[in-house]
Amino acid sequence: MNTVNIVLCGLGGQGILFMTKILAEYALKKGIPVLGAETHGMAQRGGSVVSHLRLGEARSSLVPAGKAGFLIALDPWEAYRGLSFLAEGALLCVNSPDGDFPNDAVKTYMTTHGVKCFTADAGKIAGRMGTPLSTNLALLGFFSSLPDISPFSHEGLGETIGLVSPDRFREVNLKVFEAGFEEGKRL
Amino acid sequence: MKEEIFLGNGAIALGLLEAGCQLITSYPGTPSSEILPEIIRLKKLQGLNTYVEWSTNEKVALDNAFAAAITGKRACCCMKQVGLNVAADSLMSAAYLGTKGGFVIISADDPGPHSSQTEQDTRFMARIAKVPVLDPSDPGEAREMAKLAFEISEKFGIPVILRPAIRVCHARQSLKWGELKNNEAKALFEKNPQRWAATPRFRLILHRELNQKLRDIATLFEELSSVNFHDMKEGSQYPLGIICGGVPYAVVRDILSEERRDDIPVLKLGAPYPFPGALADQFMERCRKVLVLEETDTLIEYLLGNRVKVMGRLSGHVPQEGELVPEAIAKTINRALQECGTKPLDVPDTGDVGGLLKDISLPVRKPTLCPGCPHRASFFSIRKGRAKAIFTSDIGCYTLGLNLGSVDTCLDMGAAITMASGFYHAYKQDGVKQPIVATIGDSTFFHSGTAGLLNAVYNGARFVLVILDNQITAMTGMQPTPGLGIKADGSKGVAIPLERVVKGCGIEFLEVVDPYDLKAMSQALKRASAHTFDPAGGIAVVIARHPCVIAYRKKSIPNPVKPLVTDDCVSCGFCMERFECPALFRDEKVGHTMINEVLCSGCAVCVGVCPKGAIVIAGEDK
Numbered sequence: 001m002n003t004v005n006i007v008l009c010g011l012g013g014q015g016i017l018f019m020t021k022i023l024a025e026y027a028l029k030k031g032i033p034v035l036g037a038e039t040h041g042m043a044q045r046g047g048s049v050v051s052h053l054r055l056g057e058a059r060s061s062l063v064p065a066g067k068a069g070f071l072i073a074l075d076p077w078e079a080y081r082g083l084s085f086l087a088e089g090a091l092l093c094v095n096s097p098d099g100d101f102p103n104d105a106v107k108t109y110m111t112t113h114g115v116k117c118f119t120a121d122a123g124k125i126a127g128r129m130g131t132p133l134s135t136n137l138a139l140l141g142f143f144s145s146l147p148d149i150s151p152f153s154h155e156g157l158g159e160t161i162g163l164v165s166p167d168r169f170r171e172v173n174l175k176v177f178e179a180g181f182e183e184g185k186r187l
Numbered sequence: 001m002k003e004e005i006f007l008g009n010g011a012i013a014l015g016l017l018e019a020g021c022q023l024i025t026s027y028p029g030t031p032s033s034e035i036l037p038e039i040i041r042l043k044k045l046q047g048l049n050t051y052v053e054w055s056t057n058e059k060v061a062l063d064n065a066f067a068a069a070i071t072g073k074r075a076c077c078c079m080k081q082v083g084l085n086v087a088a089d090s091l092m093s094a095a096y097l098g099t100k101g102g103f104v105i106i107s108a109d110d111p112g113p114h115s116s117q118t119e120q121d122t123r124f125m126a127r128i129a130k131v132p133v134l135d136p137s138d139p140g141e142a143r144e145m146a147k148l149a150f151e152i153s154e155k156f157g158i159p160v161i162l163r164p165a166i167r168v169c170h171a172r173q174s175l176k177w178g179e180l181k182n183n184e185a186k187a188l189f190e191k192n193p194q195r196w197a198a199t200p201r202f203r204l205i206l207h208r209e210l211n212q213k214l215r216d217i218a219t220l221f222e223e224l225s226s227v228n229f230h231d232m233k234e235g236s237q238y239p240l241g242i243i244c245g246g247v248p249y250a251v252v253r254d255i256l257s258e259e260r261r262d263d264i265p266v267l268k269l270g271a272p273y274p275f276p277g278a279l280a281d282q283f284m285e286r287c288r289k290v291l292v293l294e295e296t297d298t299l300i301e302y303l304l305g306n307r308v309k310v311m312g313r314l315s316g317h318v319p320q321e322g323e324l325v326p327e328a329i330a331k332t333i334n335r336a337l338q339e340c341g342t343k344p345l346d347v348p349d350t351g352d353v354g355g356l357l358k359d360i361s362l363p364v365r366k367p368t369l370c371p372g373c374p375h376r377a378s379f380f381s382i383r384k385g386r387a388k389a390i391f392t393s394d395i396g397c398y399t400l401g402l403n404l405g406s407v408d409t410c411l412d413m414g415a416a417i418t419m420a421s422g423f424y425h426a427y428k429q430d431g432v433k434q435p436i437v438a439t440i441g442d443s444t445f446f447h448s449g450t451a452g453l454l455n456a457v458y459n460g461a462r463f464v465l466v467i468l469d470n471q472i473t474a475m476t477g478m479q480p481t482p483g484l485g486i487k488a489d490g491s492k493g494v495a496i497p498l499e500r501v502v503k504g505c506g507i508e509f510l511e512v513v514d515p516y517d518l519k520a521m522s523q524a525l526k527r528a529s530a531h532t533f534d535p536a537g538g539i540a541v542v543i544a545r546h547p548c549v550i551a552y553r554k555k556s557i558p559n560p561v562k563p564l565v566t567d568d569c570v571s572c573g574f575c576m577e578r579f580e581c582p583a584l585f586r587d588e589k590v591g592h593t594m595i596n597e598v599l600c601s602g603c604a605v606c607v608g609v610c611p612k613g614a615i616v617i618a619g620e621d622k
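Chains as they are written, first to last, in our numbering: chain A, 1 to 187; chain B, 1 to 622.
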C-alpha cells in the first residue's frame, strides 16, 4: 500500500498523544508498519502540539508538507497552522467550537486542492457526556463517521479504544467516541 | 515474537537490554528522558536484574557507568546533548583510560531546538574526545546500533557514543521483540594503577594507544556495511551524489524512493567517526557534485578530504540552523539538482498556504506554566515584592517564569546561583546595593546547585535564593529527585531533605513556605531580602514547597474550588499579565476577564491576585 500520512494537531493537554496512540495501535493490529513523531518536553507546555503518523513503508517519522491524507485538528487555529501538510484531495477534520472554520480564503484554497473539510463542536459533545476533557475522543468518533477514511473504520477504532483505554476510563471513552460518531452520522 | 509500537527511546532501551547491558544510569533531559523509564518497564516485564539509577547529574551518571564497565560488565549512561557538556570532563579522560566491559554513552541531540539551550552536535564531542560515534536514522536502527556499540566498545576497549536525534528518540515505530535474558558477567576489577590512575607520563602512552584504536576502528568503519554503505551501480558516474547520516538519511531515502530517483546515489554514514575516508573518497570520485546532509553541524563535511565538489553548510547550500525537516531537505536537494543541471524533484508546492495565513492573525502559542502550577504562585510573589531585583533563573519548567516577568537570565544548569553571585560582586564593586533573586528547581539544585552555593557563601555574596521545590523533575516527564527518597524504579531510597543540604552549604537564613499562600510567601521574601542587606546577614534561602500539580494532582490541590470573576472586574489585565494562568481569558461577550472552567485547576491562587477583589470562590462571601 501507499504510505498513509496523518497529522494530528492541537494544544498541549488536549490529548493528541492518546489520539495518535489509538490510530497507531489500530494500524498495528491490522499488520501495517507504523512510524510516527511526537512532541515532548518544553514544547508540550501549552504550546502547539503536532503528532505525525505514517502507516506503510516510510523511513522518516515526519510527514512532509503537502503529503498528509488526513489532518485532524483539536483546535481551529492549529488547523490553520497545519494547512501546509494537506495533500491534494486530503480529508480535514476539525474541532470548531464557534463553527466559523474555515474562513473564505481557506475555503477557496481547499476547493482548488480537492480538500474535504468536516467540522464539529467536539468539546460540546464531550461536555454533554459530562467529560469536557475527552474532546479528543469525541472528535475521533466524529472522524470515524466520515466517508473515505480507509484504512480506518468506526468499528475498528472503537475496538482499539477498548483495548488501549485504562480500565476506569474505558466505558466513558467509548461513550464519548460513540457520541461523536452519532453527531457525524446526523450531518 | 510480539510486535509493539515503541517510542524511539524504548527501542534504544530494548537494544541495550538485548545487548545484555547490566547497569544503566541517566539524568533526565529532553529528548533522552524516556530511555531509563523504558528500561525499567522492560526489566520489570521480563524479570531482569538490570541496575538502574537516576543519577544526580550527567557527570555522576557517566562516572558510575564507567566504573561498572571497567569491572568487565556492560554499562551505559544516557543524557541529552547539553548533559554531555556536564559530563565532558569524565568523557575526555575515559576515552584515554578505555574500558574492559562494553561502555556506551547515549547523548540525544535536539535539532530545532525543541527543548534545549543549544543545537550542538554530539558527533563533535565524540571527535573531541576521540571516541567512535554511531548516528541512527530511525528507532529500529537505534536499537541495532545500541548492540553494535557494545560490540565495538568491548572489541577495542573504548567508550562508544550513540547519538540519536530527537526524531529518533520521539519517533514511534512498530518493532518485533522477544525474550530478554540477564547477562551473567561478574564484576572483576583488576588493579592496574598505571592505567586506571594514570599520571601524565602514562597518559601519553594511553593517548598513543587511543590513536591506534581509532585507526583500527576507522578500518572497521570502511567495511562496516550494516551502517556505512552506498547504492551506486557498478561503473556508473553521477552528476550528483548525497552523503548523509542520522535522521536526514531517512528523509532522503523517503524522498528519493517516492520520486523514483535512482539516478541520485546515497552514501549513508551511520558510523561517521572515526571517519571512513576511503569509502567517502570512492563515492566522491564517481560524482560530479556531492551534497552533504547531516544534523546538526558539519562533522562529515569537515572530515571530507577534498571539499571542491562538496555542497553543504560550509558552501551555503544547507541551512546552518534549525532542524532539517523534510521540506528543507527537498528544497536543498532541488537547489543542488538545479546547479548540476539535472531534473528537479516533483515535490508538492505548498507555498500558497503562507499567503493564505497572512490574513489570519494566528495566536502566538508560547509555552506556559500549567494551570495550578505552584511556580506561578512563587513567581507572582517574587515579582510583586521585589520588582527592582535582577532575576536569575535556571533550566526547568520554571524558566517559563519569564512570562511573568520574574526571569531575567537562563544560562545552564545551576547558573541561577552562580550568576546571582556574579551579579552581586559586579555591582558591589561599584558600591551599588542591587537586589537579586535567584530561582532554581529542586532537581536542578541537586544537579548542580550546591557547588555554586558553596562558592557564593564562601566568597560572601548576597542574594535571595528561592528553591522551587515541586518534589519532582517535571519538565522532562516527572522523574523523582533525591529529595523524595524514591528511586528510579519506584523503590524506596534515602531521602535527602533540601533543608539539610542548604544548611550544609553554610546558609544561616532558611525558611520553608507554601507558595500557594501568597501572603506567607511575600512575607518570607521580605525577611529574606532584609537578611541580604543586613550587615550581619548573608545569602537567604527560601524553599517554596508545593507539589507539582501534574505529578501529584490530589496532593497539590486536595480540595479544588471554582473561582469566578464578578462584575467588579475592570478588565485591567493585571491577572493575565502578572499571573498568566492559561485559564484566565478576556471574554468579549461578557466584556471582562473570565475563567475557563475546563482549564482551571481549582487552586484558587488567582483569588489573591486580583487587585479589585473581583475573583471570588463560588458560594463564598467576599
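It is worth saying that the hints were derived from the structure and are not from the lab.
From a predicted model like this one, the values you see are computed outputs, not experimental measurements.
Even glycine gets a Cβ: it sits at the ideal position worked out from N, Cα and C.
Each hint should be verified, as a subset may be incorrect.
Unchecked claim - Calculated lysine-lysine pairs in the DSS-like style (CA-CA distance at most 25 Å, straight line):
#1 A:K21 - B:K176
#2 B:K176 - B:K191
#3 A:K29 - B:K2
#4 B:K176 - A:K29
#5 B:K612 - B:K589
#6 B:K176 - A:K107
#7 B:K526 - A:K30
#8 B:K388 - B:K428
#9 B:K44 - A:K116
#10 B:K331 - A:K124
#11 A:K21 - B:K44
Unchecked claim - Covered, in the sense of this in silico footprint (three residues per stretch, anywhere, with C-beta under 8 Å from a C-beta of chain A), are these stretches of chain B:
#12 342 to 350
#13 353 to 365
Claimed, not checked - Just a sample of chain B residues kept apart from chain A, beta carbon distances all over 10 Å, derived:
#14 S93
#15 Q173
#16 V561
Hint by hint, here is what the structure shows:
At roughly 17 Å between alpha-carbon atoms, K21 (chain A) and K176 (chain B) fall within 25 Å of each other, so this suggested pair holds. Restraint check: the Cα-Cα separation between K176 (chain B) and K191 (chain B) comes to about 42 Å, which exceeds 25 Å; the hinted pair is violated. Among the hinted pairs, K29 (chain A) with K2 (chain B) is consistent with the structure: their alpha-carbon atoms are about 11 Å apart, no more than 25 Å. Proposed proximity of K176 (chain B) and K29 (chain A) is supported: the alpha carbons are some 13 Å apart, at most 25 Å.
At most 25 Å may separate the alpha-carbon atoms for a hinted pair to count; K612 (chain B) and K589 (chain B) meet this at roughly 21 Å. This hinted pair does not check out: K176 (chain B) and K107 (chain A) have alpha carbons roughly 44 Å apart, beyond 25 Å. This hinted pair does not check out: K526 (chain B) and K30 (chain A) have alpha carbons roughly 63 Å apart, beyond 25 Å. A threshold of 25 Å between alpha carbons decides the hint, and for K388 (chain B) with K428 (chain B) the separation of about 16 Å falls inside it, so the pair holds.
At most 25 Å may separate the alpha-carbon atoms for a hinted pair to count; K44 (chain B) and K116 (chain A) exceed this at roughly 46 Å. Using a Cα cut-off of 25 Å, the hinted pair K331 (chain B) and K124 (chain A) is violated, with the two alpha carbons roughly 42 Å apart. Restraint check: the Cα-Cα separation between K21 (chain A) and K44 (chain B) comes to about 22 Å, which is no more than 25 Å; the hinted pair holds. A count of 4 residues in the segment 342 to 350 of chain B with a Cβ less than 8 Å from any Cβ of chain A is obtained; the coverage claim is therefore met, three being the minimum.
Here the segment 353 to 365 of chain B counts 9 residues with a CB under 8 Å from a CB of chain A, which clears the bar of 3, and the coverage holds. Non-interface status of S93 (chain B) relative to chain A is upheld: no Cβ of that chain comes within 10 Å, the nearest being about 30 Å off. Not every CB of chain A is more than 10 Å from the CB of Q173 (chain B) (nearest about 5 Å), against its label as outside the interface. Against chain A, the non-interface label of V561 (chain B) holds: every CB pair exceeds 10 Å, the least being about 18 Å.
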